[in-house]
Amino acid sequence: MTSPDIHALGGAYALDAVDDLERVAFDRHLAECEACTVEVAEYRETATRLAEGSWSVPPPRMREQVLARAAATPQLPPNGHRRGVASPVTRWRRLAAAAAVVGVLGIGAAATTYAVQEQRLDDQRTAVAQAQQQADRIQAVLAAPDAALHASDLNGGGRVTVVVSDTQDAGVVLLADAPAPGPDRAYQLWLVPTGSTTPVSAGVLPAGQAQATELIQGVRGRAMFAVSLEPAGGSPAPSTTPLVGISLV
Amino acid sequence: MNDPGRFPGGTGKPAEPQPERSEIDNLLRAVARGDDAAFTRLYDLLAPRVFGLARRVLRDPAQAEEMAQEVLVEVWRTASRFDAQRGSGLSWVLTIAHRRTVDRVRSEQAASDRLQKVAAASVHVPYDEVADQVGSRMERQQVRRCLDGLTELQRQAITLAYYGGHTYREVATLLDAALPTVKTRMRDGLIRLRDCLNVEVTP
Chain A
1 MTSPDIHALG
11 GAYALDAVDD
21 LERVAFDRHL
31 AECEACTVEV
41 AEYRETATRL
51 AEGSWSVPPP
61 RMREQVLARA
71 AATPQLPPNG
81 HRRGVASPVT
91 RWRRLAAAAA
101 VVGVLGIGAA
111 ATTYAVQEQR
121 LDDQRTAVAQ
131 AQQQADRIQA
141 VLAAPDAALH
151 ASDLNGGGRV
161 TVVVSDTQDA
171 GVVLLADAPA
181 PGPDRAYQLW
191 LVPTGSTTPV
201 SAGVLPAGQA
211 QATELIQGVR
221 GRAMFAVSLE
231 PAGGSPAPST
241 TPLVGISLV
Chain B
1 MNDPGRFPGG
11 TGKPAEPQPE
21 RSEIDNLLRA
31 VARGDDAAFT
41 RLYDLLAPRV
51 FGLARRVLRD
61 PAQAEEMAQE
71 VLVEVWRTAS
81 RFDAQRGSGL
91 SWVLTIAHRR
101 TVDRVRSEQA
111 ASDRLQKVAA
121 ASVHVPYDEV
131 ADQVGSRMER
141 QQVRRCLDGL
151 TELQRQAITL
161 AYYGGHTYRE
171 VATLLDAALP
181 TVKTRMRDGL
191 IRLRDCLNVE
201 VTP
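Quick note, the sequences are listed as chains A and B, same order.
Sequential numbering of the first sequence, starting at 1, is according to the working numbering.
Sequential numbering of the second sequence, starting at 1, is according to the working numbering.
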C-alpha cells in the first residue's frame, strides 16, 4: 500500500493518532519505504520533544518498585536485523512483526471461539490449533501486498475497520466502541456481490458482543461490506437497516 | 526567548539536553547488556519525563504512576531493541511511553466520553498547563516558541493528538475540520516544528 493516501498518514502515525489497523498498515508501508522510515523517525523525534515540557517528579516509592520489577524481569536478546537497507528477509520479518500486532487481536477473537469450546476438554488441542490457524490467516491478510484498508463510523455509534485482500480472498474486520446489543441481539457482517443487491452473510458475532476482530472469507468479487443488528444467531438476510455500508471497490 | 540557545534571563548556559541525550543513548546500550547500575541512572534521568508525560495525557497521578512503572520496566526489558540510527534514546523511550499511554486512554474510555470531556474543557490547548513541572525549562521555552510558530490548526491538531491522546478522526470532530485536512496539518505542522527545533535523524 504505497498510495499517497497512506503516505499522508505519517504525521498522525508519529503522533500515535491512528487506530490499530492503520498503525499496522503504516508499519507495513514503512517496511517497504526506507526514505519514509527516516522521515517518520524525524517526526517521532519531533513529537517526543513535545513531552519535554511535561516534567513531573514521581512519588519516591516508584523508584524502588521499578528497580525491583526490572531485577525480576528477563531481557530480550539483541535482534540481529537492525540496520541498513532492508533485505527481503528483514522486510518479510518486519511485515510479520507488524502483522503480529493485530495477530494478537486475532488471537483474542479466536480465544472466544476457544472459550465456547472449552467445555469439551478433549477438543482443546483442536481449538488451539484453530485459534492459531485463524491468527495466521489474519496475519496473511494484513501482510498481503494488495491489502486495502477501509474504515467508517457505524450509525448509532462505534467504528468498523475492514482490511480486504483479493489475493487472500479474505478480510479482517475490526469492530470497536459500538454500543452493546442486548443479550438476544447480535452484530452480523455482510458482503454484497458486485452487480447484486442481495447481501450474503459473512459472519455473526456472539450475541451481546460489541467488540470483535473477525476474519471474513470470500471477499473477491464483493462490492460492499455492511453491518447490521440482528436477532442472536443471525438472519439469512438483513432484517434491519444496515448500520454501515462500505464500498470495497 | 528570542535566542533559543540561551536560558531566558538566565545563565547564558547552552542547552543542557545534548550531553544528556547522548548519555541516555549510552546508558541504554549498557542496560541492554544487563547493567543494573546503568538502569538505576537511566531511571533517574527518565522517570520524571515518563511520569510527567503519562500524567499529562492520563490526567490522573495514580494511573500515571502505574503507567510509568510499566514503561520503565519495558525499557529495561527491550533495551536491546534500541537502535541509535532510528533516533535518540530519549525519543525511543518517550515513544514507548506515549504509545502505551494513548493505548490505555483509548481502551479505558469510549471515544465519546473523551470527546465530551475535551469539549467541556473547551479545547483550551494544554501545552502550558501542568503545574508542578520543574525540569528542562530551556527546552520547554524552545518547544513553546516553535509551537507558537505554527498555524492555529496545525498547533491544535498536534497538541490534541499528542497531549490529548486523540486519533486524527477525533481531532477532526473536535476542530470541525475535514479528515484529510487534519492529516495534512499534523504532517506539515510536524515538519515545521522539526525545522524550528533542528531535529535531525541521521541513519
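What the hints contain is simulated information worked out from the structure, not anything from laboratory work.
One should not assume that every hint holds.
Computed far set for chain B versus chain A, every beta-carbon distance over 12 Å [what the hints assert, rightly or not]:
| id | residue |
| --- | --- |
| 1 | GLU23 |
| 2 | THR40 |
| 3 | ASP103 |
| 4 | ASP176 |
| 5 | THR202 |
Per label pair, the in silico range of CB-to-CB distance [stated by the list, open to error]:
| id | chain 1 | residue 1 | chain 2 | residue 2 | range |
| --- | --- | --- | --- | --- | --- |
| 6 | A | ASP146 | B | ARG81 | 25 to 35 Å |
| 7 | B | ALA177 | A | GLY203 | 28 to 38 Å |
| 8 | A | ALA68 | B | ARG81 | 15 to 25 Å |
| 9 | A | THR73 | B | PRO180 | 17 to 27 Å |
| 10 | B | PRO180 | A | THR198 | 32 to 42 Å |
| 11 | B | ARG29 | A | ASN155 | 31 to 41 Å |
| 12 | B | ALA177 | A | SER152 | 12 to 22 Å |
| 13 | A | SER152 | B | ASP36 | 34 to 44 Å |
| 14 | B | ARG21 | A | VAL200 | 17 to 27 Å |
| 15 | B | ARG99 | A | ASN155 | 42 to 52 Å |
| 16 | A | ALA8 | B | ASP83 | 20 to 30 Å |
| 17 | B | ASP35 | A | GLY218 | 36 to 46 Å |
| 18 | A | THR198 | B | THR181 | 29 to 39 Å |
| 19 | A | SER247 | B | GLY34 | 48 to 58 Å |
Source: prediction; values computed, not measured.
Glycine is no exception: its CB is placed at the ideal position from the N, C-alpha and C atoms.
At 12 Å, judged by beta carbons, does B:THR40 keep clear of chain A as stated? violated, 6 Å
Between the beta carbons of B:ALA177 and A:GLY203, is the distance compatible with 28 to 38 Å? holds, 35 Å
Do the beta carbons of A:SER247 and B:GLY34 sit within 48 to 58 Å of each other? holds, 53 Å
Consistency of beta-carbon spacing, A:ASN155 to B:ARG99, with hint 42 to 52 Å: violated, 31 Å
Falls inside 17 to 27 Å, the C-beta gap from B:ARG21 to A:VAL200? Because 57 Å falls outside the window, the suggested range is violated.
Is it true that the C-beta distance of A:ASP146 to B:ARG81 lies inside 25 to 35 Å, as the hint says? Since the Cβ atoms of A:ASP146 and B:ARG81 sit about 30 Å apart, the hinted range of 25 to 35 Å holds.
Nearest-CB test (12 Å) between chain A and B:GLU23: holds, 16 Å
Assessment of proposed distance window 36 to 46 Å (beta carbons of B:ASP35, A:GLY218): violated, 54 Å
Using the Cβ atoms, figure out if A:THR73 sits within 17 to 27 Å of B:PRO180. violated, 43 Å
Between A:ALA68 and B:ARG81, does the beta-carbon spacing fit 15 to 25 Å? holds, 23 Å
Okay, A:ALA8 versus B:ASP83 on CB: inside 20 to 30 Å? holds, 26 Å
Is the Cβ of B:ASP103 farther than 12 Å from every Cβ of chain A? violated, 8 Å
The structure does not agree with the numbered hints 2, 3, 5, 9, 11, 13, 14, 15 and 17 stated previously, though it agrees with the rest.
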